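A.B. asks: Sequence:
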Amino acid sequence: MSRAVIIGRERARREICLSACLPPMIELALLLPIAAIGFVVWSRKRARLDALLLGAALDRVRRDTGREIGLMAGGKPAAPAMAGRGAAFVLWLAADGALRVERLRDARAASARADALTAAGCAARSGELVLSEWEPLELAGAGLARAARELLGDQ
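At position 88 of the sequence shown the residue is numbered 88 (UniProt numbering), and the sequence of numbers has no breaks.
FYI, nobody ran anything at the bench for these hints, they're computed from the structure.
Quick caveat: nothing in here was measured; it's all calculated off a predicted structure.
A couple of the hints might just be wrong.
What the hints assert, rightly or not - SDA-like mimics (lysine to any residue), calculated; alpha carbons at most 25 Å apart, straight line:
| hint | residue 1 | residue 2 |
| --- | --- | --- |
| 1 | 76 | 42 |
| 2 | 76 | 34 |
| 3 | 76 | 111 |
| 4 | 45 | 56 |
| 5 | 76 | 127 |
| 6 | 76 | 95 |
| 7 | 76 | 63 |
| 8 | 76 | 108 |
| 9 | 76 | 93 |
Hey, can you work out the whole structure from these sequences and the hints?
C.D. replies: Here it is as structure tokens:
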């Protein structure tokens, strides 16, 4: 077989392979922006749901204890939507008699913050913040309500 025939066959095989692979690659390239938009929409939806569950948990503590409860973020008052996404909380009794809660990323940071508040003379508790869309709304933040009862029981 001549070299020209071998080169021709190789080129034809590459062209066939390219023509077979190109349409799925084009489809994938067209689907990537749609997937990115879906991710952004889903992230925003989860953030709204998280804020709703946190608000329900704070309302539950307010009803259970009869005290005002304030949500803090970075040492400043915050709305549930602006409190960040964390799996732990610190709850303390402020000087004005109101409960304050701060959401933190992990249990280690929450425990350290609670220890610092206790050293400063504030009664504080830390715990895990469970806000699950799979649980009934009445159970949102059950650990937060339990910590509030313990904190007020110590006073």
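A.B. asks: Just pull the numbers of the violated hints for me, sorted ascending.
C.D. replies: 1, 2
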